[in-house]
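Number of protein chains: 2
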Amino acid sequence: MSYSLNKPCRAADVSHWDAEADVIVVGFGGAGACAAIEAARAGAQVMLIEATSGSGGTSALAGGELYIGGNGGTAIQRSAGFNDHTEDFYRYLMMAGGPDADAEKTRAYADGSLKHFEWLVEQGLPFKNSFVAQRIVEPFTDDCLLWSGSEEAWPFCESAKPCPRGHTPQAEGIGAGGRLLMEMLAARVAELPIDVRYNTRAAALIVDQNQRVQGLAARHEGKDLFLRARRGVILCAGGFVMNKEMLRKHAPHLERANRPIGTVDDGSGIQLGQSVGGNAIHMNEGFVTIPYYPPEQLIKGIFINGCGQRFINEDCYHGRVSQHILQQAGNRFWLLMDNDIFAEPEFGKFMQIEIGATGESWEEVERELELPESALVSTVETYNRHAVNGSDPLFRKAAKWLRPLVTPPFVAIDCRIDHALYSSFTLGGLDTLPTGEVLNAGREPIAGLFAAGRTACGLPRWGAGYSSGTSLADATFFGRMAGRQAASAAQ
Amino acid sequence: MSYSLNKPCRAADVSHWDAEADVIVVGFGGAGACAAIEAARAGAQVMLIEATSGSGGTSALAGGELYIGGNGGTAIQRSAGFNDHTEDFYRYLMMAGGPDADAEKTRAYADGSLKHFEWLVEQGLPFKNSFVAQRIVEPFTDDCLLWSGSEEAWPFCESAKPCPRGHTPQAEGIGAGGRLLMEMLAARVAELPIDVRYNTRAAALIVDQNQRVQGLAARHEGKDLFLRARRGVILCAGGFVMNKEMLRKHAPHLERANRPIGTVDDGSGIQLGQSVGGNAIHMNEGFVTIPYYPPEQLIKGIFINGCGQRFINEDCYHGRVSQHILQQAGNRFWLLMDNDIFAEPEFGKFMQIEIGATGESWEEVERELELPESALVSTVETYNRHAVNGSDPLFRKAAKWLRPLVTPPFVAIDCRIDHALYSSFTLGGLDTLPTGEVLNAGREPIAGLFAAGRTACGLPRWGAGYSSGTSLADATFFGRMAGRQAASAAQ
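These protein sequence lines are chains W and A, in that order. Residue numbering for the first sequence follows our numbering, starting at 1 and increasing by one per position. Residue numbering for the second sequence follows our numbering, starting at 1 and increasing by one per position.
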């Protein structure tokens, strides 16, 4: 009997089932937990297998922001003075999804986001009614609402009325929100009759002669288990940022980022889907960031590359700036500032962002960085010439962040790709319907197979449009949908 | 019985075989013809099915250049004074293949290219012993050897000794070489006992219970045919540049190119492979070009984008320049020149490349293009400042192409993406071994299935490294290998 992640096992070859359930969920991160909860509440007998010895997955490593909006906004958004229209929310998400944004998923999420937020609160996730008006990456405090994307930046601001939509659970400290989210979801799972099996790794899908998925083969403590899923298997096994071969094949530019955010994320979920004809899409896309702000005054600086050129409006989301860095040739990038705006990046030590050069004139900085004569100086001159009039005709940074960089000493913060740390995770995955049904290359559903979270290609599918909170929002929202759909699938 | 391009047909459901062969080749372009010829010569009974009513495929639309070198070079290269070492050839191809260049295929091709050239000559393909020293895209004449890549340009020239390697068959006129190649291959196919079936379109693969490919279902004049392949099916059905949905899903930037080069190229070959677990890789990569030279003096101009910035050494291959255009945001791009180098691009009318602005000063050109003050002028000033010393410290254009642009009147040639024509085809496809064996995501061969040409991901797999002649070279060389391998596969 020959099978693997990449080759399904035939049901006819399975001599006995070690266990059965209506729905088997693979992976106990945010998507898998939500899928299991909803499937169980819909009356299905649910098994949840997890490769590691505990719950959490990569969701537990996240800051915990959830990108929420539409329908007038949450009480927190409204308290802060924002009234978020569903159509603005929809248009922003469609732009952020890039040239192949998924209109069906985006519509479902724009319409349903507020109710999803209420559901998360009902499950026990606390949110403080507070707004951080300053541009940050995630709160050091237990505060909630923040600008977590490029809403106020060109070109997004032209298509959709800006609104802050990043909702961080009430937990003190960086990264605490994701842990709290997963602790809460794990507690709900524990209350339900869900058969959770840790240290159990999916090894192959099992298909019948009609190619319907009937379950999966798994490894647990050195033994093969044959697990029957009467209604469906839901793959919520993360992305592939920890799989070097897959990165090389599909997203080689992400190899340049040296701080992958992942737990298992070995691409096994995606491979399982592909083994039965599932279509993996946008596999070259990923999130990447070097968080150069806070403090937000650094947004008044300008980024240059090794040719001394600017390349982006620096007031857009840090991940969008970083994406533009990673997709350029060369490793040398700096953030330039003058003495009036100088500050150390708050994540500087953590991300190995250091001072690369200082000088009493821009000519001196240019020489110290060993840039060709006039390469940096002409860039700063052109920037200053227009900034003094409150305009940035090249990249359209908003007026509030524009001021000429004229007060010495001048500083270049070193953001070299081979020196500073760039965080990353993958955005490509299995093509799915909003219901989680996995599609083949002809967009026909594969019977008995579902996916959610980063195993699927969801709302966030374009690195240059990524906004904090869209991945967790997508994973939890569409994880829930997949759970409900699988629970009601034909046996 | 339910099957499609995306869902294989079960052999058990096939009540009768309409025809049988040892090897069935899908697609009568360069790869398919070579596969069929070699399989037949190896003693296999071969069927060649083609969706259209004639031979040629997209290969017949090509200029016909074949990228050949190594082992000291062809007689034509040696006559022109070039001695091409295999390791230089190998290193160039590896760089041109990008971050995931296929070392195995590149090694096989670097070692075997010269013999492959001899084989093509033996089949009857004529090459004139002549070298076009000027930089061109393809000969208007019946001449042979040309610089068809970025061999002399940075960074390629630093890793591999430059050598011209584009060999164009002896045929007068643009595009004549590809037609001649295909006429010659079709004549060889006609001499062999190959069962050629036109107007026959592959509809689904047929697999047995062990998932071995046993043949394919095809459509011919409204009827279903079940075709048994005792040893293997070879997919040589082209890429997917004519499939808008696949382009959107996998290579959305190529949607911006408005002159796809393709015949069928509907992605059906790739989809057939995916339907049995074949791994499609580098699906976001494509070739794109706006041929701005000849005449080669235009290489002395500089390209700028809508921010007035340069972005590439203009002396690299036209397709590499164009790739850098297409991957940037914005649609506005110009080639700047002064009166000393001014000439109309020879492909100008054909590709809708027109004059965008002229002026007695660069300031005037800048205003006429509605660029922000100093955006263009500072770029030209920086370029001129270094060009006068024979250096281009920003992008490293070679000294022979460097001269300050100081003689009025000045001209900006308009290469806007939404105005000029950009040719394109796709480079992503099924992951294969050099033998053509199609691999799943775990790089295990799928029994009975082979692919070559643009249905596979071959030597050319990185748009920024594409060189003219690598796609035809890859298609014919690895088509031959796939034919031999399939002919010897177990029944």
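Be careful, since some hints might not be right.
The list treats identical chains as interchangeable, and a pair is accepted whether it falls inside one copy or across any two copies.
[Unchecked claim] Only pairs whose alpha carbons sit at most 20 Å apart, straight line, appear in this in silico SDA-like list of lysine to any residue:
(1) LYS223 to HIS85
(2) LYS349 to ARG332
(3) LYS223 to GLU20
(4) LYS244 to PRO99
(5) LYS128 to GLY173
(6) LYS128 to ASP143
Please keep in mind that the hints were generated in silico from the structure rather than gathered at the bench. Please read these numbers as outputs of a predicted model, since none were measured by experiment.
So which of the earlier hints does this model not fit?
Structure breaks hint 1 only.
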